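Sequences are here, hints too, so could you generate the full structure?
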Amino acid sequence: MSLNIVLVEPEIPQNTGNIARTCAAIGATLHLIKPLGFDISEKAVKRAGLDYWDKLNIIVYENLEDFKSKIKIDDMYLLSTKAKKIYSEVNYTKDSYIVFGPETRGLPEDYILENFDRAVRIPMRENIRSLNLSNSVAIVAYEAERQVNFNGLEEISKYFDN
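The sequence shown lines up with residues 12 to 173 when you count with the working numbering.
What the hints contain is simulated information worked out from the structure, not anything from laboratory work.
Worth double-checking, as some hints may not be accurate.
Computed list of lysine to aspartate or glutamate pairs in DMTMM-like fashion (alpha-carbon distance at most 25 Å, straight line) [stated by the list, open to error]:
| hint | residue 1 | residue 2 |
| --- | --- | --- |
| 1 | K96 | E137 |
| 2 | K96 | D50 |
| 3 | K95 | D85 |
| 4 | K81 | E137 |
| 5 | K93 | E137 |
| 6 | K105 | E137 |
| 7 | K95 | E165 |
| 8 | K66 | E137 |
| 9 | K95 | D65 |
| 10 | K95 | E125 |
| 11 | K83 | E100 |
| 12 | K96 | D86 |
| 13 | K96 | D121 |
| 14 | K96 | D106 |
| 15 | K79 | E22 |
| 16 | K45 | D106 |
| 17 | K83 | D121 |
| 18 | K96 | E120 |
| 19 | K79 | E165 |
| 20 | K96 | D85 |
| 21 | K105 | E125 |
| 22 | K96 | D65 |
| 23 | K96 | E20 |
| 24 | K81 | D121 |
| 25 | K79 | E137 |
| 26 | K81 | D106 |
| 27 | K105 | E156 |
| 28 | K66 | E165 |
If you're wondering where the values come from, they're calculated on a predicted model, not measured in any experiment.
Below is the structure:
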């Protein structure tokens with residue numbers, strides 16, 4: 012199994028490409044929920060993801076309802092600037108689902124309210140609206156990986172063994 016990164020209606024192909032590259036690096040599954048603001052075969056997405064697309068498991072859903080009907084688990088966290096809990100205050104597992112909303116509007120408010128006990132945020136200064144989506148994914152994904160001791164990820168010591 013693997014960590015699951017979920018993008019609801021992503022709009023910017025370069026962000027999705029960068030996120031795909033992060034997912035490939037940590038072995039996470041990338042879940043994309045339509046409508047997408049681009050074609051995933053688009054040149055910009057592939058360029059941002061470089062040559063890692065073949066090392067990535069991508070699952071595409073027709074809409075948020077399709078995703079919710081297929082994924083019924085409690086090990087899910089929704090990122091929202093409206094959440095009370097900080098992303099590092101929850102316990103991730105190697106199979107957690109981490110859900111991010113569209114770049115320009117975030118997750119639907121009703122979806123956040125349905126799952127408010129599983130909503131988390133990245134702390135930032137008061138007058139800052141949000142971080143870039145690909146940066147947010149990297150921050151939270153690597154915290155989740157840290158909590159499971161980077162299980163399955165390469166150890167640097169192999170480069171220094173004599």
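Original post:
Failing hints, ascending?
Top reply: 2, 4, 6, 7, 8, 9, 19, 22 and 25
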